[in-house]
Structure formats: C-alpha cells, structure tokens
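Assemble the complex: chain A is given as a structure, and chain B must be docked to it using the hints.
Here are the chains, one letter per residue:
2 protein chains.
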Amino acid sequence: MKKAVVLLSGGVDSTTCLAIAKSEGFAAHALSFDYAQRHRAELEAAARAAKTLGAVEHLVLALPLGTIGGSALTAAIAVPKDVAPEAMQARIPVTYVPARNTIFLSFALAWAEVLGAADIFIGVNALDYSGYPDCRPEFIRAYEAMANLALRESVEGRIEIRIHTPLITMTKAQIIKRGLELGVDFAMTHSCYDPDKLGRACGHCDSCILRKKGFAEAGVADPTVYSPAPNLETPDR
Amino acid sequence: MKKAVVLLSGGVDSTTCLAIAKSEGFAAHALSFDYAQRHRAELEAAARAAKTLGAVEHLVLALPLGTIGGSALTAAIAVPKDVAPEAMQARIPVTYVPARNTIFLSFALAWAEVLGAADIFIGVNALDYSGYPDCRPEFIRAYEAMANLALRESVEGRIEIRIHTPLITMTKAQIIKRGLELGVDFAMTHSCYDPDKLGRACGHCDSCILRKKGFAEAGVADPTVYSPAPNLETPDR
Chain A
1 MKKAVVLLSG GVDSTTCLAI AKSEGFAAHA LSFDYAQRHR AELEAAARAA KTLGAVEHLV
61 LALPLGTIGG SALTAAIAVP KDVAPEAMQA RIPVTYVPAR NTIFLSFALA WAEVLGAADI
121 FIGVNALDYS GYPDCRPEFI RAYEAMANLA LRESVEGRIE IRIHTPLITM TKAQIIKRGL
181 ELGVDFAMTH SCYDPDKLGR ACGHCDSCIL RKKGFAEAGV ADPTVYSPAP NLETPDR
Chain B
1 MKKAVVLLSG GVDSTTCLAI AKSEGFAAHA LSFDYAQRHR AELEAAARAA KTLGAVEHLV
61 LALPLGTIGG SALTAAIAVP KDVAPEAMQA RIPVTYVPAR NTIFLSFALA WAEVLGAADI
121 FIGVNALDYS GYPDCRPEFI RAYEAMANLA LRESVEGRIE IRIHTPLITM TKAQIIKRGL
181 ELGVDFAMTH SCYDPDKLGR ACGHCDSCIL RKKGFAEAGV ADPTVYSPAP NLETPDR
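Top line first, the protein sequences correspond to chains A and B. The first sequence: position 97 = 97 (the working numbering), numbered continuously. The second sequence: position 23 = 23 (the working numbering), numbered continuously.
Isolated chain A, as found in the complex:
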C-alpha cells in the first residue's frame, strides 16, 4: 500500500478526508498538532478518528503557536459568536491562525519525506469556510510547487509530492454525505472553536455554525452534543 500523510484535526472535514484517503487505498499516517489551541478537545476526536478509521499510526506534534499568538484560537482574543455564514468571508475572522496551514503542511512534508510518502491529504474547503487564505486552491497549488523543490527527492528525483484536497470544492453538506457513505460516525468528531469545560461545542462560533448548516442542508441529524451553557462573550472586534 502506498503511504500518505493525512492532516487530522478531528473535525468533519479532516475526518472525512482521512476516510477518503483510506478509500483510495492509502496507508494513512495521521498527523495532528497540539498548538495551544483553545479547542484542544479536538485532539481526542482526532485520536478516535485515527483509531476508528484505521490509520496506520497517529502522530501528535506540539507546536509553539501560542508563543507567536495573533489569533483568537491561540491568544486572549474572544471567539466571534453568531456570525451569519455569508458574513464570515467578508473579512478574515480573528480565528485565523497566522500561517497555520503553511506550518502544518511543512511538518507533513518533513514526515512524508522520512516515511517515503509522496502523498499528503488536507481537508481544506473553500466553499463553506471562514475565508482563511490558506484554504484556497491557489495557496495549495503554490505550496505543492514549493514542496517539489524543497526535499531530497526534489534533487534526487525519486518522488513527486502531491497535496490532495478532495474536499476543496465541496459544500459542507456534500462532505457530510460523502463521510456517511464512507462510514464516518460524525458523533466522534469535534468542530467547535470554543468548547465548554467538558469539551462540549458552543453552537455559536463560525465552526459550529458551518457544521450545523452542513447537517441541515444534508438533511441529516447533527449528532453533536451542544453545551447548555456556551460562552457567548461579545467578540472584542
């Protein structure tokens, strides 16, 4: 089996992406990051997804993104609540983490080189998303071009790196339907940026809103247990 590195946050998109990589016949090496994110509860979801969907292994790397800050997910900035989906892309929200996908893909690239893998899967989506720059197709293509000049293989010519983005043109509803076809149990996934102390989703952040909208549009019951007492603090900008 060909090896692939699969970036796995434990949300709807990356979990479906892992299921797709498996369905395409790859031996999936799942990679998650503990980066001081407010929603570290997602790492438990990622571990469950890796195990349930049959990843070969699941590596969790600690990254000092909290030291760099600059995001509501890694610094003392309020997570915006109750923003309408159509308003999310008007301005990149404060939940954007500077260069996050660039950093995540760079570790995936390093690990791929050590594993001898040519394939990297990332569950970015440029339709039902928050307008993050590093989820756009043009970013991914530029990253792939760079990656093919970055490695030992770029010089010695053995491997061509391919960044797979099977979800990039799908709606959240389509992603959910595809995941269900592949046997994903979405009850085990975590999307919320601002969970309560028990790890339950707030239901009001951009990520919860996009998740709810996706299940509604797919005509499927959302299995998420939402917090009865979410943090609805007013965003500070």
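Read the hints as simulated data drawn from the structure, not as lab findings. Small disclaimer: the values here were computed from a predicted structure and weren't measured. Do not take every clue at face value.
To be verified - Derived coverage of chain B by chain A (criterion: at least 3 residues anywhere in the stretch with Cβ under 8 Å from a Cβ of chain A; other residues may be distant):
id, region
1, 67–77
2, 137–150
3, 154–164
Using N, Cα and C, we set each Cβ at its ideal position, and we do this for glycine too.
Below, chain B alone, put in the same frame as chain A:
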C-alpha cells in the same frame, strides 16, 4: 524602522545575514529554533549574536523535529567526517534535515504576520554548502510565491512578503569578509554539527570544513576553538 524577521542559527552565514539586515536599516527580530539538534550549542552563539548585533528581540521556539527524525542532526545517525568540499554536493548528506528550511521559514512567516513585517532574512548559501535542496534559489523563489498566497495580507492586500537571501551567491570567503566589514566577531559564532561536551567544534564535519576553507580563502585567521578530542566516528553510510 521597518521590521524584519531574521532566521539566526548562530553560524557564520546567519550571523552575517543579521548584520546585513541591520546595515540595511531593518529592526531585526531574530528567530532561532531548538529542534533537538545535536549542536544545540549553536543557540548560545545565536543569543550572543542577537545581543551583540542589536536585534530588537530574540525568540527561540522549540520544534519537534527530533520526533520526525531522518537526519544525522536529529537522530542516531553518525555525522560524516573529513568529506572533501567538492564531494559534499555529489549526494545530499545525512546531515540534511527533512524540510527544515520550509519549516523554519513557515514560523518566520507566522511571526512576520503577527509583527506586521514584510521582510524575512535567511542566510542560505548555494556555493560553499552541502547541497541541501532547501538552500537553492529556486526553492526560495517558490517559497516566496507561496508565502504571498498564504497570509491574511495575501487576501487583504496590505503587505508583500519578501524573502531576502543576501548570501545566496556568495562564497564562504566573501561572506566572512562582508561580516568583518560589518563588525561581526566570528569568535562568537558556532558552525560545528558535532561539538564535544564543552561545545567545542570538531573541525571535521562538513560545516567545520566549509568554515575552515572560508577563513583560509579569505586570508583571515579562524578564531574557532577546535576540540582537541573530536568525535571521529566513521559515518555509517
């Protein structure tokens, strides 16, 4: 003053690169990494260089490259000794760290975005070097193109990221001369991949050999204190 992020390992090249950034009028924010490198002694050299050359601040980030491995600098692989400079580029040596510059530049990019800096300096050199793929001009240009699609500014259009490589076409001797012109004290720099327990250079690894060659060609005394008892273990491949 315009801000720049300057990648600083504490060796001849990155220290000279910091002096150049300063000489061009940038407020230099120096960035180093503790990545389980065999030669962590370089971090003390980096701290000395940042202080002496007037960096605004010096950030050291811990990265889990030891977990990924795949290099003589981060794993239990012997560092090659006494390789002739002209032989170093015949095959990429085992001291190559998978995707290292991709990862380092990605953290520099994240920090630049938070600082509001458009300029990143990296002391890569594609003449007197070990043939690492991620030191080549074509890699740097591809990285820069990707970086300009990766950030908030890529969408909102405020900043164009520039990756400065002032040393890329210089010989080691030219770099040393330029550093001396700018007041760099090379006694405080560290190049060796495999220092002894007291942090003294081995004098036999690729990095020591290129350093010695550079000082010799520049006609300048090498101020390095070499170990009287270097590790000359035979490389395992």
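We went through each hint and held it up to the structure:
1. 67–77: holds (count 4)
2. 137–150: holds (count 9)
3. 154–164: holds (count 3)
Violated hints are absent here; each numbered hint is respected by the structure.
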